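Q: Sequences listed follow chains A and B, in order. 129 is the number that numbering that gives the first Met the number 0 gives to position 130 of the first sequence; each next residue is one higher, with no gaps. 145 is the number that numbering that gives the first Met the number 0 gives to position 146 of the second sequence; each next residue is one higher, with no gaps.
I should point out that these hints are in silico values taken from the structure, not numbers from a laboratory. A portion of the hints provided could be inaccurate.
[Said to hold, decoys possible] Computed Cβ-Cβ distance ranges for the label pairs, DEER-style: (1) B/Gln-97 - A/Pro-116: 29 to 39 Å; (2) B/Gly-28 - A/Pro-303: 37 to 47 Å; (3) A/Pro-303 - B/Met-0: 30 to 40 Å; (4) A/Leu-47 - B/Pro-56: 50 to 60 Å; (5) B/Thr-44 - A/Gln-214: 24 to 34 Å.
A quick note: this is a predicted structure, and the numbers were derived from the prediction, not measured. From the three backbone atoms N, C-alpha and C, an ideal C-beta is built for every residue, glycine too.
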Amino acid sequence: MNDTTNRQLLSGNHAVAWGVKLARPDVAPLYPITPQTPILEKITEFQLQGEMEVELLTPESEHSAMSACLSASLTGARVFTATSSQGLLLMHELLHYAAGARAPIVMFNVNRTPASPWGFWPDQLDSLSQRDTGWVQLYSESAQESLDTTVQAFRIAESVGVPVMICHDAFYVSHAVEPVDIPTASQVDEYLPRLERPLRLDTALGQSFGAPIDQATWNRSRREMAAAMDKVYAAVVEAGTTWNALCDRQYGPLEHYRCDDAQVLIVTMGSMSGTARVAVDALREEGIAAGLLKVRLFRPLPGPALCEALAGVPCALVLDRNYSPGMGGILHQELKAALYGMADAPRLHGLLAGVGGVNVPPGKIQQWVTDYREAEAVPEAIWVE
Amino acid sequence: MLEVLILGRGGQGAQTAGNLLAQAFYSDGFYVQTFATYGGARRGTPVSASLRVDAEPIRLRCDIEQAAAMLCFDDSLLDENFLRRANSETRIVVNSRQSREAFSSLGDYQIVPIDGLGIARNNDMGTVVNSALLGAFVAVLDQLDIETMCRVVLASAPVKKEQNVAASREGFRQFQMTH
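Extracted from the complex, chain A is given alone in its bound form (with noise of 0.2 Å):
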């Protein structure tokens, strides 16, 4: 940390607000749910206090604060969005009709369990089950990640034309007050220019947005999301390079924490990261060569970066705080399916672990790795505790 470093004591939703402001949206509509109202809170103190510009609006429900940023972003306008649970299933239409038009919201979603029966607890369900909606989907780990990846998701939204969603999870990052170095308004600035849009609502271009088309131009438009998501991997990678430059602080679609000589390997998303680095250095002193394979870039599934990741790797668990009924975590899921067929793919346990915010910490995590191991995998997902 140099003297102009400016470290302040941050939860993770404010560290959220904080990039919010840095990333300077025109507009930002928003709708209170805990635990994502901080974030919401905290941006219209610093409008409030005149630290930012933005234009806030506070419809009556998530599903029309996502219709305004639909609208808004149409026009051209940089927009932010926050939601959680229920505020995130209730946007589910629009999230689809955002993404059909490629709009490039940044949305940040605090990750909480789904009713019934009603909690507030960290699950990722809420945001896993968005996954086909074609939004990008990053995953942070703590209130520094998540500012750095607020930032990053305009640039990754705005250069590729998607929409990106980051999430992180409640309670444990979202009111997680911990240190957080906050990049000055320049620096922002030089990272995050003001792109032309050539297709926007315009009352000089005379173009509209969401026509009724034939079945060929539909096909054609999923296509050329497609072409789109093909784009992101490269520009999550080139938004965590720039970063660095900038920032001395290194991102990108996957983490490896001490994977290099692994015999096994722990992947999971969001905060049971942390946690988890904190079980492989502890497996590590016992003689058991473990590693962290975090996977932060979610959608698109970087799937040919986790086969290289765990190519070779005798075994991995894959830790999933989530549960889709009827199939099991959806981490280990997309796994699978990115792993099949590969010829020295892991035995590829999949522990529900941690699903409703039922505690994980780093000794569990030990436990199942000196479990698993060495056993044979089943395809189904494994309830541990």
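We have chain A; now place chain B onto it with these hints.
A: Just chain B now, with coordinates in the frame of chain A:
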């Protein structure tokens, strides 16, 4: 790593106490992580805050299973469920007018009752007990300078700044006088 749990009722300032302690440790050069867990909590329902303090950046993202110290804002919350996360080494400060002996039936714990309400009233703080309890807790922790804590309380108190600091100092002294 120091791991601390704070338990209170919604509105009493348990989350704020966690944040203020975190700020004090942070200003003394430590890495900190504090988080509240409150679900659908409303005023009066139990809420908890967790605090980790370490010389290294903190990576854990899970609950504290065994705390080195606990601060409890309401003695009616000090039950078996909460004490499962304590052991005989855990230093526990509880806001209570009862004597230490009144808690002996809970088991082999180091429980320090502090009359936070009395201290608050002495210092024109009404029923706002968190600054008084923080002072006592700093004394029990014995890892933080009371002057650091007072500076943080002074900077953070939205109103009655001097009274808040006075309550912290009295809480600190009260523990020292009785131990």
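Q: A separate judgement is required for each hint: does it hold in the structure or not?
A: Structure-based check of all given hints:
Taken as a hint, the range 29 to 39 Å holds for the pair B/Gln-97 and A/Pro-116, whose Cβ atoms sit roughly 37 Å apart. Hint check: B/Gly-28 to A/Pro-303, Cβ distance near 44 Å, so the stated range 37 to 47 Å holds. For A/Pro-303 and B/Met-0, the hinted distance range of 30 to 40 Å is satisfied, since their beta carbons lie about 39 Å from each other. Restraint check, A/Leu-47 to B/Pro-56: a C-beta distance of roughly 33 Å breaks the suggested window 50 to 60 Å.
Checked against the hint of 24 to 34 Å, the C-beta distance between B/Thr-44 and A/Gln-214 comes to roughly 55 Å, which is inconsistent with it.
Hints 4 and 5 from the list above are not met by this structure, while the remaining hints are.
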